[in-house]
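Order-wise, the sequence lines are chains A and B. Position 250, counted from 1, in the first sequence is what the numbering used here calls 250; the numbers after and before it change by one each time, with no gaps. Position 181, counted from 1, in the second sequence is what the numbering used here calls 181; the numbers after and before it change by one each time, with no gaps.
Warning: the hint list may mix true and false statements.
[Stated by the list, open to error] In the DSS-like style, the derived pairs of lysine-lysine whose C-alpha atoms are separated by at most 30 angstroms in a straight line are:
no., chain 1, residue 1, chain 2, residue 2
1, B, Lys-262, A, Lys-91
2, A, Lys-92, B, Lys-159
3, B, Lys-262, A, Lys-169
4, B, Lys-159, B, Lys-180
5, B, Lys-10, A, Lys-88
6, B, Lys-232, A, Lys-239
Hints were generated in silico from the structure; no laboratory data involved.
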Amino acid sequence: MNNTKRTWLQKYAASPYLVWCVIFVIAPLAFVVYYSLTDENGSFGFSNYARMFNGDTLHVFLISLAFAFVSTVICLIIAYPLAYYITKAKKKHQNMLLMLFMLPMWMNFVLRTYALSFLLEDTGLINSILKSIGFGQVKLIYTSGAVILGMVYNFLPYMLLPIYTVISKIDKNLIEASEDLGCNRLMTIGKILLPLSIPGIVSGITMVFVPSVSTFYISQQLGPTDFMLIGDLIESQIKSTAGVYNYGSAISFVLMVLIFICIAVMNHFSDESVEGGILV
Amino acid sequence: MNKERNIAGKIYIAVIFVILYAPIAVMIFFSFNSSNSMSEFSGFSFRWYNELFHNKDAGQALLNSLILAVSSSIISTVLGTAAALGIHSMRSKRIKKVIMNVTNLPLMNPDIVTGVSMMLLFAFVAGLLHSLHMFGFWTLLIAHVTFNMPYVILNVMPKLKQMDKSLPEAAMDLGCTPFKAFTKVEFFEILPGIASGLLMAFTLSLDDFVISYFVTGESFQTLPVFIYSMTKKRVVPYINALFAIIFVVIFILLLVRNFMSKENKHAAK
Chain A
1 MNNTKRTWLQ KYAASPYLVW CVIFVIAPLA FVVYYSLTDE NGSFGFSNYA
51 RMFNGDTLHV FLISLAFAFV STVICLIIAY PLAYYITKAK KKHQNMLLML
101 FMLPMWMNFV LRTYALSFLL EDTGLINSIL KSIGFGQVKL IYTSGAVILG
151 MVYNFLPYML LPIYTVISKI DKNLIEASED LGCNRLMTIG KILLPLSIPG
201 IVSGITMVFV PSVSTFYISQ QLGPTDFMLI GDLIESQIKS TAGVYNYGSA
251 ISFVLMVLIF ICIAVMNHFS DESVEGGILV
Chain B
1 MNKERNIAGK IYIAVIFVIL YAPIAVMIFF SFNSSNSMSE FSGFSFRWYN
51 ELFHNKDAGQ ALLNSLILAV SSSIISTVLG TAAALGIHSM RSKRIKKVIM
101 NVTNLPLMNP DIVTGVSMML LFAFVAGLLH SLHMFGFWTL LIAHVTFNMP
151 YVILNVMPKL KQMDKSLPEA AMDLGCTPFK AFTKVEFFEI LPGIASGLLM
201 AFTLSLDDFV ISYFVTGESF QTLPVFIYSM TKKRVVPYIN ALFAIIFVVI
251 FILLLVRNFM SKENKHAAK
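If we strip away everything but chain A, and leave its shape as in the complex, we get (with noise of 0.2 angstroms):
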């Protein structure tokens, strides 16, 4: 194959895509760069990474991570049985479960967000509920816990669908030749069904902690007065400092590098992470 020779056609083909990635992909990316390493005046220096972890940043930072990462472990657990238990329906049936689980994902995520804030409100149903039964009024609405409840409503279709996939295509003959040799129910789950699902478990994490890390509209909808993710920290330094790019670009970058090696440290768990990966 490799001595037919490439057309007009397949050699040029992709050149304006490639130009357009070269414009639009690559020296977007050279300018986040570039205005990081420059302070207001255009001289060069690492004032911004300096800056960045010397104050509140490093600590908006960790809340991130730490935010991201409960809210992707709080996925995990409910999207794996739930995961297991709509292959153990009708195959029939397991179609449209399935529509209904990812339905809530074709909702665009801020009306997602709202939809959530609508009912936890100080005079949202669930206080006026708990108030007619003699409760009293509870703080829902901007809390740290809302926030939490705000990323995994809205990601946690992206855990279930990687999950779901991979446990489906495992060969059920392999669990009845465990449950034949001798194992019990949880030694099944644990040495069968568990390591076979890891690659759709792993892509899982990355596609719910991704979101979860950088987001910036469900802290401000659901989270306290004063509460800030990296997202928001970005969106505020880029949105309201008139033409002051340079602080934003460096906390951009230091985010993008951060999700960088967290896909890297992922896919090394799992080599075939592309099965079931690609979602939407």
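Since the structure of chain A is already known, use the hints to place chain B on it.
Relative to the frame of chain A, chain B by itself:
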């Protein structure tokens, strides 16, 4: 034993289902409320639907989103399919790998970084041109095409790999030009990939908020950006009506898709 397990599974599915749909159900229920209370249903009315349909900004935002989604998905499908053809036929494995890594870059990068990086580029160009009205339709279109193309490429690429390479060669041996060989033979072989790429690009474009938020301008607001600016820390009942309409539309579309894929399976048998 087995039966108990089944019941536990069903209860678990039901509980998660209820939690997932509770906010959605409440939103839809209160979209028919005659007052703007979030907890007391004071009577059935179409008041908020009426208000939504008479809201010019909401209508304009929806129209903008549709225009943007149609144009960006078509452009990214054409460029992305061409790119997939070119990349697929490349001989050097190393160059191929580099290009695929660049293609994966926007997929792995958090949206906020993609949005910020594109905004910096546009702001720079705006500075060069001394233009104050840089941000709007064109910046959004460029951004959406950029984040859509990788999805088109990843949808078309597998179809190209599956295709029998001798097909376009045979067409050319029989006198087709390379372009004709593509339009008459290859195109139909990879059509399923192109179609799913186009569909995915369209929905992603319609759904995107984060990247659009950074490259949008006052002259051109998309629906998600409009909803964001309306709902920031306040309650707007006509957004409930919008929510209900979008939910029903998506529900019907997914049902149709589900039904059609079942039909296809039967036809295949």
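Going down the list of hints, with the structure as the test:
1. B/Lys-262 / A/Lys-91: Distance ~12 angstroms between B/Lys-262 and A/Lys-91 Cα, so the pair holds.
2. A/Lys-92 / B/Lys-159: holds, 28 angstroms
3. B/Lys-262 / A/Lys-169: Status holds; Cα separation ~19 angstroms.
4. B/Lys-159 / B/Lys-180: holds, 19 angstroms
5. B/Lys-10 / A/Lys-88: holds, 10 angstroms
6. B/Lys-232 / A/Lys-239: holds, 15 angstroms
In this structure, every one of the numbered hints holds.
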